[in-house]
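Student: The whole structure should be built from the sequences, with the hints applied where relevant.
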Amino acid sequence: MLESGESIVPQGELFSSPDVEAARAFFAQKSRALIDKRMTVREAVSRFVHDGAYFASGGFGGVRISTAVLHEIVRQRKTRLGLSGHTATHDFQILVAGKCIDRCDIAYVVGLERRGLSPNARRYLESGAVRMTEWSNATLGWRYKAAAMGLPFLPARSVLGTDVFRYSAAKEMTCPFTGQKLLAIPALFPDVGVIHVHRADQYGNSQVDGIDIADHDMARACKRLIVTTERIVSTEEIRANPSRTSIPYWLVDAVCEVRYGSYPGNMPYEYYSDEDHLAEWLEVEKDEAGLQAFLDKYIFGTRDFQEYLELKGGETRMGELGEMEPLKR
Amino acid sequence: MLESGESIVPQGELFSSPDVEAARAFFAQKSRALIDKRMTVREAVSRFVHDGAYFASGGFGGVRISTAVLHEIVRQRKTRLGLSGHTATHDFQILVAGKCIDRCDIAYVVGLERRGLSPNARRYLESGAVRMTEWSNATLGWRYKAAAMGLPFLPARSVLGTDVFRYSAAKEMTCPFTGQKLLAIPALFPDVGVIHVHRADQYGNSQVDGIDIADHDMARACKRLIVTTERIVSTEEIRANPSRTSIPYWLVDAVCEVRYGSYPGNMPYEYYSDEDHLAEWLEVEKDEAGLQAFLDKYIFGTRDFQEYLELKGGETRMGELGEMEPLKR
Amino acid sequence: MSEANPRYNLMELMVCVAARQLEDGKTAVIGTGMPLAAAMLAQKTTAPNLIVMFEAGSIAPTLIKLPVSVADSYTHTGAIMHSSMDEIMESCQRGLVDYTFLGGAQIDMYGNINTSMIGTDFQHPKVRLPGSGGANDLASLCWKTLVITPHDQRRFVRRLDFLTTPGYLTGPGAREAAGLPAGGGPYKVITTLALIGFHPQSKRMQAESLHPGVSRQDVVDNTDFKMLFADPLPVTPEPTEAELRILREEVDPQGFIIGKQA
Amino acid sequence: MSEANPRYNLMELMVCVAARQLEDGKTAVIGTGMPLAAAMLAQKTTAPNLIVMFEAGSIAPTLIKLPVSVADSYTHTGAIMHSSMDEIMESCQRGLVDYTFLGGAQIDMYGNINTSMIGTDFQHPKVRLPGSGGANDLASLCWKTLVITPHDQRRFVRRLDFLTTPGYLTGPGAREAAGLPAGGGPYKVITTLALIGFHPQSKRMQAESLHPGVSRQDVVDNTDFKMLFADPLPVTPEPTEAELRILREEVDPQGFIIGKQA
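Read top to bottom, the protein sequences are chains A, B, C and D. Take the first sequence: its letter number 315 is residue 431 in the working numbering, and every next letter is one higher. Take the second sequence: its letter number 29 is residue 145 in the working numbering, and every next letter is one higher. Take the third sequence: its letter number 142 is residue 428 in the working numbering, and every next letter is one higher. Take the fourth sequence: its letter number 103 is residue 389 in the working numbering, and every next letter is one higher.
No lab work stands behind these hints: they were computed from the structure. Do not rely on the hints blindly, as some may be mistaken.
In the DSS-like style, the derived pairs of lysine-lysine whose C-alpha atoms are separated by at most 30 Å in a straight line are [to be verified]: (1) Lys444/B <-> Lys512/D; (2) Lys215/B <-> Lys412/D; (3) Lys297/A <-> Lys297/B; (4) Lys444/B <-> Lys412/D; (5) Lys428/B <-> Lys312/D; (6) Lys412/C <-> Lys297/A; (7) Lys312/C <-> Lys146/B; (8) Lys312/D <-> Lys146/A; (9) Lys351/C <-> Lys287/A; (10) Lys297/A <-> Lys287/B; (11) Lys330/C <-> Lys444/A; (12) Lys339/B <-> Lys351/C; (13) Lys428/A <-> Lys351/C; (14) Lys412/C <-> Lys402/A; (15) Lys287/B <-> Lys412/D; (16) Lys351/D <-> Lys428/B; (17) Lys312/D <-> Lys402/B; (18) Lys444/B <-> Lys330/D; (19) Lys146/B <-> Lys297/A; (20) Lys215/A <-> Lys412/C; (21) Lys402/A <-> Lys546/C; (22) Lys330/C <-> Lys153/B; (23) Lys412/D <-> Lys402/B; (24) Lys546/D <-> Lys153/A; (25) Lys444/A <-> Lys546/C; (26) Lys312/D <-> Lys297/B; (27) Lys330/D <-> Lys146/A; (28) Lys153/A <-> Lys412/D; (29) Lys312/D <-> Lys330/D; (30) Lys351/C <-> Lys444/A; (31) Lys153/B <-> Lys297/A.
Here are the computed distance ranges between Cβ atoms for each label pair [said to hold, decoys possible]: (32) Glu391/B <-> Pro518/D: 45 to 55 Å; (33) Asp407/D <-> Asn357/B: 28 to 38 Å; (34) Phe142/B <-> Pro486/D: 47 to 57 Å; (35) Gln422/A <-> Arg534/D: 31 to 41 Å; (36) Arg531/C <-> Arg196/B: 54 to 64 Å; (37) Thr526/D <-> Glu399/B: 33 to 43 Å; (38) Pro518/D <-> Gly295/A: 17 to 27 Å; (39) Glu119/B <-> Arg347/A: 56 to 66 Å; (40) Gln503/D <-> Met440/B: 21 to 31 Å.
Even for Gly, the Cβ is constructed at its ideal location relative to N, Cα and C.
Tutor: Written out as structure tokens, the structure reads:
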């Protein structure tokens, strides 16, 4: 807690380097080739999500998330991941259930918004299993934006004066023009990220309907990017509506077609969240054994996301969630 | 010209304050009321473009510009304007023909891209009538972006080491994280700006088709914003496609319906540029008397943009330019 | 504390009181739950042109139902613009957003909020909470922060375990001294007991009205710090029949926020 | 200098030589005029998957005709994405853009370019030119800068009147010392006389091939600084019939760049 007149010295750990020269060197050699990048989720996770990597999840926790990739990370028992906890709700819950992460930049974790707190995520963080550094939704998002802009840092005006600042890896700086105090936040270049989109072509050109959240910047900040998509479309369909494109193909390493891929999360214009199943998650998490049985059934006991969907009611249930979606076309 | 090992000290004049606290105070009191802002171009210019103000023009010089407002500024003999010369081509040519500006942040002026240089704009700048500070397209655009983000400055990585830096009002700074040298550029909050859009409602909600150029950030940086639009549409039409909206209504002070409002510039999806008329401008500019006669005919001799369009062939000519437009719907 | 008035429950009272704090024709970034119920009620009563934005990116939607998430489809419906989190947060930073409306776990007399952790060792919290989310940013950057929260000693504390979201920090001038934008800060706290403002000079919490049936002593007993009281100290006006009808029938017919109707 | 080869004119030669410098499957931000003609020719010959971006915001269009402006409708056609100038410039700054391709007014031996002014008094230029436009940014931030320009003593100068766009500045290491991103810089200069590269150590201009009929002395006579010459120094390969046909029929049938055909 803050003392009057105290000068806060941030003590949070910086889990990734904001070195833009190193990032430029990486992006220089990243292929821009026009090649078919379609693959299974299993292959994408196996090839691009390595133990120890720093991982980023697109969407907003329970809205337009890539559940298929998150499950597969657990299924492949990936370990020691770093995580950008940017509005991380159900995505966080899944990765923590798999004990996949050991460090986390925190803006919003553990909670599931109006649904309450995840008991298992709380236990895991309270156990000391995860090194934590604090941020806020804006500043963690602006860390992606700094990276996307090719800058090592950005100034900002929030967080100063609070314990979020104290446990962050931000710094205080002076504006070169106005002389005022500003927050300086370091660029965040995740090793790998995943974004679930409405449509993508085989090369990775991707379009999202509805709000972007922080995905424009996250897609550009990530060194490797997996795109999962409700539908693979032709490049002609992308070119027919170029204002909707948010991710051009040369940013993308893998394209996986996963219908209902945000389930049990909401996919605006497609299907609403399965609140019953999200409540089930919160319920089974109350004890560890129950959670393990649940994971054995839904993740370790299924070969892929498709089998999980079948367990959850398949097309029938998905149809119901489509009916519940207010933007359904 | 640069000497080896020389440390450049920028000497450009800063024509506007990057004080974000003052900008916040302005934006705090700017009305968010849902009121009908439709008015004539004459009224909009009369109410919002004051002698001595710092002015910004959207679009890209000869593409999606608000010719009607630019003409009206000349017609009302506005004087001592400051100008953000961000890819300023035909817009620059018009304002200089009216001798409206006396200071300019320069990224690109005088030229009309592949069409050549404006003789009159050259004469005017060579005469010393305009105080000049140098920037580049990216850094002047990022100055809007700093303002749009509510920041007094942004870091950047171009311009350093050149005479653009020497004659800019940028500074050199050190990255608080990497220790590397960076450029620091001050936020630019124009007093008033104009953007020509494809559709807007009576309140100012505006949508642009095709590329944005720097208009998203410029719209947010300007303290006052005039929108001219090809068509006034209902708010329902705006709400039917919210991903196309780039300017929400509370940023806008005036909405003017001006069909063919970018003429003789190109309006993507609507009409192509009138290259004959743009060539005529370059031709008449060769001598001052010729230019004055031309201005007397087209600007001072017309009551409004509609009369100018009639002089240039009216609907017939506009139809031809529509035919020449490759994106015409 | 007397029995609840049978015409309405405490949640309904709080939402109605909250709604009245939102002026028409202003901009607001609103979180889910009671803040959003209040904003929807305001739009349907005294502030039809209140501009609601969600931190995930939706701008001025036509709200048809309470969303579960600040990003979900019910934030998208009939919006003027579908944007992104940086667009929203930068609008706040630029000074374009009048209100934000937050919940809270712990709050102190300067309106500082803790939603990060309970305990003394940051890396080994007794209770880990979600963290800032957008709350720190919104309370730093918007002009007026509203908070809605139950009122008890566990929440209204002398000393936060963790200062997540800035109120007036350590007192007058502290926000500006820390580098936060000038002129912002907590505006009102709506609790189960009272409508609370902040003393103009000291920036300390000052109860402005007590809810029907609530005494000064009730507030004192449920507050771990010294609460100031305005003078005079009226009774909070009760919800009107119109407010209650709209709240129950249009804003929250499923009772997510105000509870199921009998 | 010998007479022009009747098979092609100098502009055609330059565009064909320029096109061959662009590797397939790379990204490039291209200006209007000869650079774009070269990029279109490259796409139709050796680099079908060259990704062309325009600084005003269009990404990977299907080019059907030479645009007049880097923002006009002909930059939009069949694009993968319609974005904005910051998107393009930030992609460059992030290291995602391999080439940029510029014209120039004055150029020095380190590939620095002046497009701002002729004269000695900045506020009273003898000749005012457009300024940087995007050139400074693109040459600062893209990996390889290509320049195409006529070759004469007035343009290939010892000392620029104004250094608008960075080449290697004052020599090896000077870009990095000034704070520009490491590893970028001028790559090739295509002139009316020669294809010119940069000496790997000294970063000075070094002619790599002379156009057909051009002598070393022609280059020396038309250059105000000491030009280096590669050894061996081949003759620039002439345009092929296929290149010429595509250039004339598909890239620039109206002769905006290469002149009207007889």
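Student: Evaluate each hint against the coordinates.
Tutor: Hint-by-hint comparison with the structure:
For a cut-off of 30 Å, the pair hint linking Lys444/B to Lys512/D is broken: about 52 Å separates their Cα positions. Pair hint Lys215/B plus Lys412/D holds up; C-alpha atoms about 20 Å apart against a cutoff of 30 Å. Straight-line distance between C-alpha atoms of Lys297/A and Lys297/B comes to about 20 Å, which keeps the hinted pair within the 30 Å bound. Proximity of Lys444/B to Lys412/D is assessed by CA-CA distance (about 43 Å); at most 30 Å being required, the pair is judged violated.
Simply put, Lys428/B and Lys312/D have alpha-carbon atoms about 44 Å apart, too far for the 30 Å limit, and the pair is violated. The hinted pair formed by Lys412/C and Lys297/A fails the criterion: a straight-line CA distance of about 34 Å is larger than 30 Å. Proximity of Lys312/C to Lys146/B is assessed by CA-CA distance (about 10 Å); at most 30 Å being required, the pair is judged to hold. Simply put, Lys312/D and Lys146/A have alpha-carbon atoms about 10 Å apart, close enough for the 30 Å limit, and the pair holds.
Restraint check for Lys351/C and Lys287/A: not satisfied, since their Cα atoms lie roughly 41 Å apart, outside the 30 Å limit. The hinted pair formed by Lys297/A and Lys287/B meets the criterion: a straight-line CA distance of about 17 Å does not exceed 30 Å. Note on Lys330/C and Lys444/A: the hinted pairing holds, with a Cα-Cα distance of about 26 Å set against a maximum of 30 Å. Distance hint between Lys339/B and Lys351/C is unfulfilled; the C-alpha atoms sit about 35 Å from each other, more than 30 Å.
Simply put, Lys428/A and Lys351/C have alpha-carbon atoms about 26 Å apart, close enough for the 30 Å limit, and the pair holds. For the given pair, Lys412/C sits about 17 Å from Lys402/A by alpha-carbon distance, which is consistent with the 30 Å threshold. For a cut-off of 30 Å, the pair hint linking Lys287/B to Lys412/D stands: about 27 Å separates their Cα positions. Using a Cα cut-off of 30 Å, the hinted pair Lys351/D and Lys428/B holds, with the two alpha carbons roughly 26 Å apart.
The hinted pair formed by Lys312/D and Lys402/B fails the criterion: a straight-line CA distance of about 43 Å is larger than 30 Å. In summary, the hint linking Lys444/B to Lys330/D is supported, as the alpha carbons are separated by about 26 Å, within the 30 Å threshold. A threshold of 30 Å between alpha carbons decides the hint, and for Lys146/B with Lys297/A the separation of about 26 Å falls inside it, so the pair holds. Among the hinted pairs, Lys215/A with Lys412/C is consistent with the structure: their alpha-carbon atoms are about 20 Å apart, no more than 30 Å.
Distance restraint check for Lys402/A and Lys546/C: the Cα-Cα separation of roughly 26 Å lies within the 30 Å cut-off, and the hinted pair is therefore satisfied. A distance of roughly 24 Å separates the Cα atoms of Lys330/C and Lys153/B; the hinted pair therefore holds under the 30 Å criterion. Using a Cα cut-off of 30 Å, the hinted pair Lys412/D and Lys402/B holds, with the two alpha carbons roughly 17 Å apart. With a CA separation close to 44 Å, the supplied pair Lys546/D and Lys153/A exceeds the 30 Å bound.
Taking the CA atoms of Lys444/A and Lys546/C, the gap is about 28 Å. The hint holds against a cut of 30 Å. For the suggested pair Lys312/D and Lys297/B, the alpha carbons sit about 29 Å apart, so the restraint of at most 30 Å is met. A threshold of 30 Å between alpha carbons decides the hint, and for Lys330/D with Lys146/A the separation of about 24 Å falls inside it, so the pair holds. A threshold of 30 Å between alpha carbons decides the hint, and for Lys153/A with Lys412/D the separation of about 55 Å lies outside it, so the pair is violated.
Distance hint between Lys312/D and Lys330/D is fulfilled; the C-alpha atoms sit about 15 Å from each other, no more than 30 Å. Between Lys351/C and Lys444/A the CA atoms are separated by roughly 15 Å; this keeps the pair inside 30 Å, and the hint holds. For a cut-off of 30 Å, the pair hint linking Lys153/B to Lys297/A is broken: about 38 Å separates their Cα positions. About 46 Å separates the C-beta atoms of Glu391/B and Pro518/D, a value consistent with the hinted range of 45 to 55 Å.
The given range of 28 to 38 Å is broken by Asp407/D and Asn357/B, whose C-beta atoms sit roughly 52 Å from each other. Checked against the hint of 47 to 57 Å, the pair Phe142/B and Pro486/D passes, with Cβ atoms roughly 54 Å apart. Taking 31 to 41 Å as the suggested C-beta distance range, the pair Gln422/A and Arg534/D does not conform, at roughly 54 Å. Restraint check, Arg531/C to Arg196/B: a C-beta distance of roughly 59 Å satisfies the suggested window 54 to 64 Å.
Look at Thr526/D against Glu399/B: about 39 Å separates their beta carbons, and that is inside 33 to 43 Å. Distance hint for Pro518/D and Gly295/A: a CB-CB separation of about 60 Å, inconsistent with the stated range 17 to 27 Å. Look at Glu119/B against Arg347/A: about 59 Å separates their beta carbons, and that is inside 56 to 66 Å. In this structure, Gln503/D and Met440/B break the distance hint of 21 to 31 Å, their C-beta atoms being roughly 48 Å apart.
In summary, the structure is inconsistent with hints 1, 4, 5, 6, 9, 12, 17, 24, 28, 31, 33, 35, 38, 40 from the numbered list given earlier, while agreeing with the others.
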